[in-house]
Each structure stands twice: as structure tokens, then as C-alpha cells.
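*Asks:* What follows is the residue order along each chain.
2 protein chains.
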Amino acid sequence: MKPYTFEKSEALFERAKKVIPGGIYGHQSPLLLTKGAYPSFFARGEGSHVWDVDGNEYIDYMCSYGPIVLGHRHPRVEEAVRRQGDLGNCFNAPTERWVELAEYLVSITPFADWAVFAKNGSDVCTYATVVARQATGRPKIAMCQGAYHGAHAWCTPVTSGLTPEDRANIVYFTYNDLESLQRVVAENHGKIAGLMISPFRHDAGHDSELPVEGFLSGVRKICDDHGIVFILDDVRAGFRLHMGGSGELFGVRPDLSTYCKAIANGYPLAACLGRDSLRKASQEVFFTGSYFTSAVPMAASLATLRELEATDGIERMRAIGEKLRTGLLSEARSHGIEVTYSGPPAIPYMTFKADAGRFDRNKLFCGECSRSGVYFAPRHNWFISTAISDQDLERTLEVTDRAFAAVKSQFVA
Amino acid sequence: MKPYTFEKSEALFERAKKVIPGGIYGHQSPLLLTKGAYPSFFARGEGSHVWDVDGNEYIDYMCSYGPIVLGHRHPRVEEAVRRQGDLGNCFNAPTERWVELAEYLVSITPFADWAVFAKNGSDVCTYATVVARQATGRPKIAMCQGAYHGAHAWCTPVTSGLTPEDRANIVYFTYNDLESLQRVVAENHGKIAGLMISPFRHDAGHDSELPVEGFLSGVRKICDDHGIVFILDDVRAGFRLHMGGSGELFGVRPDLSTYCKAIANGYPLAACLGRDSLRKASQEVFFTGSYFTSAVPMAASLATLRELEATDGIERMRAIGEKLRTGLLSEARSHGIEVTYSGPPAIPYMTFKADAGRFDRNKLFCGECSRSGVYFAPRHNWFISTAISDQDLERTLEVTDRAFAAVKSQFVA
Numbered sequence: 001m002k003p004y005t006f007e008k009s010e011a012l013f014e015r016a017k018k019v020i021p022g023g024i025y026g027h028q029s030p031l032l033l034t035k036g037a038y039p040s041f042f043a044r045g046e047g048s049h050v051w052d053v054d055g056n057e058y059i060d061y062m063c064s065y066g067p068i069v070l071g072h073r074h075p076r077v078e079e080a081v082r083r084q085g086d087l088g089n090c091f092n093a094p095t096e097r098w099v100e101l102a103e104y105l106v107s108i109t110p111f112a113d114w115a116v117f118a119k120n121g122s123d124v125c126t127y128a129t130v131v132a133r134q135a136t137g138r139p140k141i142a143m144c145q146g147a148y149h150g151a152h153a154w155c156t157p158v159t160s161g162l163t164p165e166d167r168a169n170i171v172y173f174t175y176n177d178l179e180s181l182q183r184v185v186a187e188n189h190g191k192i193a194g195l196m197i198s199p200f201r202h203d204a205g206h207d208s209e210l211p212v213e214g215f216l217s218g219v220r221k222i223c224d225d226h227g228i229v230f231i232l233d234d235v236r237a238g239f240r241l242h243m244g245g246s247g248e249l250f251g252v253r254p255d256l257s258t259y260c261k262a263i264a265n266g267y268p269l270a271a272c273l274g275r276d277s278l279r280k281a282s283q284e285v286f287f288t289g290s291y292f293t294s295a296v297p298m299a300a301s302l303a304t305l306r307e308l309e310a311t312d313g314i315e316r317m318r319a320i321g322e323k324l325r326t327g328l329l330s331e332a333r334s335h336g337i338e339v340t341y342s343g344p345p346a347i348p349y350m351t352f353k354a355d356a357g358r359f360d361r362n363k364l365f366c367g368e369c370s371r372s373g374v375y376f377a378p379r380h381n382w383f384i385s386t387a388i389s390d391q392d393l394e395r396t397l398e399v400t401d402r403a404f405a406a407v408k409s410q411f412v413a
Numbered sequence: 001m002k003p004y005t006f007e008k009s010e011a012l013f014e015r016a017k018k019v020i021p022g023g024i025y026g027h028q029s030p031l032l033l034t035k036g037a038y039p040s041f042f043a044r045g046e047g048s049h050v051w052d053v054d055g056n057e058y059i060d061y062m063c064s065y066g067p068i069v070l071g072h073r074h075p076r077v078e079e080a081v082r083r084q085g086d087l088g089n090c091f092n093a094p095t096e097r098w099v100e101l102a103e104y105l106v107s108i109t110p111f112a113d114w115a116v117f118a119k120n121g122s123d124v125c126t127y128a129t130v131v132a133r134q135a136t137g138r139p140k141i142a143m144c145q146g147a148y149h150g151a152h153a154w155c156t157p158v159t160s161g162l163t164p165e166d167r168a169n170i171v172y173f174t175y176n177d178l179e180s181l182q183r184v185v186a187e188n189h190g191k192i193a194g195l196m197i198s199p200f201r202h203d204a205g206h207d208s209e210l211p212v213e214g215f216l217s218g219v220r221k222i223c224d225d226h227g228i229v230f231i232l233d234d235v236r237a238g239f240r241l242h243m244g245g246s247g248e249l250f251g252v253r254p255d256l257s258t259y260c261k262a263i264a265n266g267y268p269l270a271a272c273l274g275r276d277s278l279r280k281a282s283q284e285v286f287f288t289g290s291y292f293t294s295a296v297p298m299a300a301s302l303a304t305l306r307e308l309e310a311t312d313g314i315e316r317m318r319a320i321g322e323k324l325r326t327g328l329l330s331e332a333r334s335h336g337i338e339v340t341y342s343g344p345p346a347i348p349y350m351t352f353k354a355d356a357g358r359f360d361r362n363k364l365f366c367g368e369c370s371r372s373g374v375y376f377a378p379r380h381n382w383f384i385s386t387a388i389s390d391q392d393l394e395r396t397l398e399v400t401d402r403a404f405a406a407v408k409s410q411f412v413a
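These protein sequence lines are chains A and B, in that order. Under the numbering used here, the first residue of the first sequence carries the number 1, and numbering increases by one thereafter. Under the numbering used here, the first residue of the second sequence carries the number 1, and numbering increases by one thereafter.
So that you can see chain A by itself, here it is in the shape it has in the complex (with noise of 0.2 Å):
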């Protein structure tokens, strides 16, 4: 087979480039994926499968970088969104799939007792931290250096046009280093409001990295000493490692969690989950957006969810995953070449030892997989979704194979 080329792709980002700074901009910037070797726009999608508009095919590890959890186009999903659309989306008040996806939310949670809504992450995440700021009247929030926890000037990962005071109350502390924790909260006494931090350390351009015994239990313990609410930045993992939340699958539970990703197959959604001990602190800060109350995500939403459960979707990916982890572990082995294979099944990550916080296999490797028609991006973790079927793995791992080989004859050592 050919190689994939692009020329409808660089066309339209000529034109983007003309009238969006930089063509496109985030976490889907062209400059963080292998040069040449990618589109920059797709046409369609169904199920595992995604289209870019030169029409090349790929198979999609990335599911958009997470929101793709049952595949592109669920028939569930859709007829659920169709049904919706049909009567309406977005009104002076909410619908009823406000209360049965609140409803739903925490009957599936163990730990929490209501939930809100909004459209992205850092919506959460931020509204996150004011409702522990307003609920202990204590102005500081701890998270782990390097993580990410949305686009805010509190916390984004470019500190361009912040000015100091944006983080002038954020400490930091180190994934899976009590001490550090302890430290931080020593030096910042009866200051600390609230703790982010996400199930498992999964910041882009790093391996990944699950929680060590203890350290999450010892996290939750210097909480409740200390009378820190403990937020769980659930954006990126949640509903592809547990239904009950991330910190189920980890054993540990939050007293808020944020959502958004993988809630609505796609649709546009987020949410914050809490205990009751925070509901008066929630109803006291401001929180709303035009489409915070709008009915197809939260239609979508709840098909997506429970199509996840009924299915044993979690299960699914888990599964998937192995196999995915268990082929290209076997075939680096037998190419000879070292990689890091991290994270949970579900949302793995791998990386050339020999790149050596570099890129530059990482990005021949996956530039040759898409190139393929196989979608891996190089400096962020990957993601499942419950479409992949066995023939997609097994044409996975041909291209991944052809890439590996591809990596051993341009790199010598």
C-alpha cells in the first residue's frame, strides 16, 4: 500500500493559516505531531474508523483525544441525540435530562451526592477549586508540578499574557511523592482550600505514570487531616477505567471529581460530582455558561453511559488494551528496540527509551503508523474506544510492525 499523502489537508491549512493564528491551535496543533505525516482535518468518522478529507482511512487511537468512547457515530448515541434534537437543545430552562443525568451521575458514584454541569474540562476543574476555596475560606490549591488541569491562567501548561498573580495561590507537590505533599502542606499551614490531582499521572509529552501503593490513601489521609477537600481531575480518564469514577479503580475517593472527555461520546459536556458537605459552598459560587443547561450532550450522555455499563464497555477497553500493549511489546522485542509501554490498558502511552525524553522515534514510529492508516499521536497518550474489533488490531499491529522496522533501519543505536 502506498503511503497516505495529504494534499486537500495542506490546502485547507493554507487557508486556515490566513485566517486562524497558527492554522490550528491546543492540543491539535500540527506542531505537536510528526511533520508531513499527518492530516490536519477530517471529514468523517463510524466506529473505530475516521476519514480525513483526502479520504484516507485511519483506524483511531486517539478518539479525538479522548470524547470518542463507543466509537464515531454510536447508533445508541445518535438515535439518543436525534431524538433530542427533534424536540429541542437549548431553552430558557433546563430539560428533564438535566435531573435524570444528575440522577444517573450519582447513582453510579459512590462517594457523590450531586453534580453540575458545564461544556469543557477547565470548566470543572476551575469551578472545582472556588467551590473548596468558598467551603474551607482558605485561599490555596496544591496540584502536582507538570500536570495538566485545563487551559486556565491557574494552571495552564503556557504561562504567555498571565501575569503573577494568576498562580499566586497554586503550590505544587510531585505525583506519587508523599513527602512532597507533606512538605507543601507544612509550609503552607491551615492555606490549603483544595488538592487536584488526576487518577494516575498522565501529563502530555511524559510517560505515564500509575499511582504506587499507598500513595493515593496517603494523599486522601493528609486531606482529611488537614481538612483539604480532595479533588479528583477525572477529565481525561473517567469512564474508560471505571464506572464509579477513577478513584474506584485505584481505591481511593474524592470529594469532588471532574468529568468531561469520554462523558458524551463526543458532545459537548462536563461535569463536577460532590459530597454533600459541599453542596452549601456549590450553591454559593457563581457558575453558568449559555449552553450549561442545553439537552443533547446530556441526552448523549446518558445513552453513552449506560450503553458503557450495559455493555461492560470499561471491560472492553481494558481488554482491547492488553492485546494492543501485548502485540506491540512483542513486536519491540523482536525488532530488538527498548520502548515504555504506560499507563492503564485503556489509556496507554509508549515511548523509545533510546529517544530519551525526545521525540524524534517517537514521531518517525507514529508518523509511519498514520501514514498507514493506524492513528497513534507521539507526545500524548493514546486512547481506546470499545469499536476497535480484532481485525483492527490485527492491521494495527502489520502497520506497527512495518513502523518498528521503520524506526531500527533509521536509527542506529
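Don't read these hints as lab results, they were simulated from the structure. Honestly, I wouldn't trust all of these hints.
Copies of one chain are not kept apart here, so a pair can be met inside one copy or by any two copies together.
[As the list claims (entries may be wrong)] Lysine to aspartate or glutamate pairs mimicking EDC-like chemistry, simulated, CA-CA at most 20 Å apart:
| no. | residue 1 | residue 2 |
| --- | --- | --- |
| 1 | Lys-18 | Asp-392 |
| 2 | Lys-221 | Glu-248 |
| 3 | Lys-363 | Asp-401 |
| 4 | Lys-8 | Glu-100 |
Remember, it's a predicted structure, so these values are computed and weren't measured experimentally.
Given the coordinates of chain A, work out where chain B should sit on it, guided by the hints.
*Replies:* Chain B alone, transformed into the frame defined by chain A:
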């Protein structure tokens, strides 16, 4: 006709309160409406009419607090949504809609050279402040006291859960008072990065105020003289007053403008438009969200704006608004009631002079209208859509006449 009752709404609200703090939060909170006179949940919409969960029908003058500009489920918008939805919505990169919409917005907006997209009005207003800071290297943002620019910490109307640092770099002046701006610029000499202002003053719970002659051009001159980025917050008014941005109506061109609400007839989209001089700063700051590149809202936006343009929707909304104003003012006069009717015709607001800044008569008036099938909010400006028919207006004025009579009979003064 018997006044509406709301049994199903009330039952749903009781359920909502158990699983959502306050039941419904933000600008759609029932606390801002007339107790017992409004539905809390809607079931469907079609054109200028909406139906609540009890089956009560309303002529809609709130338009979901702005987004619905062509009426609910406008056929051309729904067709565009269906066509795009059949292909897919949320991918690993944008679709062609991303480029088309940016090109279209730039083509209809005299001052703008580029556009970026997001989900909430808050997203783009905050983004504009970050771009202004990055472009100027200065920390401060000037805004009008009492203005609403979103739900983020630097500007939200409720300060619960905030820290002093959140507003350390915000300075305030008074709408329609150039001297107050000159004072604030002098006091913060060389430190103001950007100035954010709405095209007319539409603070919630206040009569609206159009810019007085020379005010906006004076603001423009002060910005030019001091190298301050002029940011027009057109989230609320955009695409109801002028297709080229509301500044065109008032003879002023900003450096950045922000849109949300009417941009996509209820589908979740926000945009910031800017000048070439700010392109570099825009590329340098971080801005992203899980659904920022999603195609369905962009397809809806293209259909909405093209329909507005092709049918001169702006003029239609102005004319409908004029008729509503003429009718309401004539009725008020005939009842001997003094009202203040403020704002442009397409975004009107009416208060009762004898209420003197409280809302007793307004709550009675709007509540009587709601219970008779005409939906106005008492503490927030209203929104006209192009879908309002002459028959709707006739029916509206029958209802409002009785509502004025109720105010007359219940309030002696």
C-alpha cells in the same frame, strides 16, 4: 384562559434539588424569576414558541437568554446540523467547517483579520484579556463597574470562593463616563493591557443604556493614545444588532471582539475575532478545550449567519422590536403606568419606574405574562428572534395589556 400551572415542573425541581445544588444554578436560576409563575423545565421548541414539561405553550422573548436568534429548530440550521452530524462532529483535528467559518466571520467583520473558536462566552472573554496582556506585556484590564463579561473569577458578579489576587489586575470605570476612564488610565499609567466593554450597557437587573454620542469613539481614542487593546464584548448583543459586529452600529471598531449566544442558534460555540496586530500574541498564548474544533456547532453557525444575512434578519428583529416597544409603551400609557423601556429594539428591557430599582411590579408583570403564555424575564434584558410573527405580537399585546391591568390593580401607586 386559565393561568398556567406547573405541577410537573415543580415535581422535577424537587428531584433536581436532591442531586444538583440549588436545583438549577446560574442565569437560569428560578430565584431570579417570579415565584410560582414560571416553568423550571422545558420539553420542546419550534420557531418562536416553546412548551414546558406541563404542556404549557409560550411565545419566547428570552430565546434561551440569547442563543436562539432564528427561532427554535430553524429548518436550515437543523438541516446543516443533520448533514454534519451524519459525517461526525468531534475528531482528532478540525473539519473544513473550521476554515469556512473563520473565513466567513472575517469576511463579514470589517475590523477582523482572524478568528478563534471555543464553547462559552467566558472562554473567549478571558482569552481576549490574555491576548491583550501577551501583546502589550502589561498586566491590567479595564472594565466597567457592574458589567458582565462571564463567569470567571476576574469578572463574575458573585465573589464567593474568590481570592483577592483574582482581581488584583482589574481596574474599573463607568459606562458612558469618559472622565472615569481617563482617571483610571492616568492612575494606571502604562499598565493597562486591554479594555473590555459591551457595545451598550446591559448589566443584569439595571435598565439598559445606549452609548452616548462620542463615548465609544472617545474610548477608542484613549485606547489608541495609550496602546491599550480595545476588546468589544459582543457575546450578548452580537448578530442581533449588526452582521459586522455591534460596534458597526455605534461607529466604533475594536481590536478584539467576542461572540457567543446568537452565533449558532443554540449550538455551543463562541468566537474571538482580532486584528493582524494581535495575531502573534494570539499564537503565543494557550487556548484549547475538548470540543473547541467540533464541527456540528460550526455547521450550525454558518447556516445561522448566512440565513440572517440572506433574509436581513437584523432589520427584521429591529422591526419586531419596534412594534413590541410601541405596543407596550402605548399600553402602559393607557393604564397610566410609567415604565422605562431601554436597550436597542432587538434586545429590549422594560422596568416600572415606581419599582425604583426593586422588581415588585416587574415580577408581577412578567409572571402574569408567563402564566398566560408570553415568556419575559423580570431581571434580565429580553431577546427578539426573527421567528416572532405578527400573530405572536398581537397575542403578546393582549397578554401584556392584562398584565399591566394586574399591576395597576395590585399596586395603588
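*Asks:* Each hint: holds or not?
*Replies:* Here is what the structure says about each hint:
no.: 1; hint: Lys-18 <-> Asp-392; result: neither (37 Å within a copy, 44 Å between copies)
no.: 2; hint: Lys-221 <-> Glu-248; result: within (16 Å within a copy, 58 Å between copies)
no.: 3; hint: Lys-363 <-> Asp-401; result: within (15 Å within a copy, 70 Å between copies)
no.: 4; hint: Lys-8 <-> Glu-100; result: between (43 Å within a copy, 14 Å between copies)
Hint compliance for this structure: hint 1 alone is broken.
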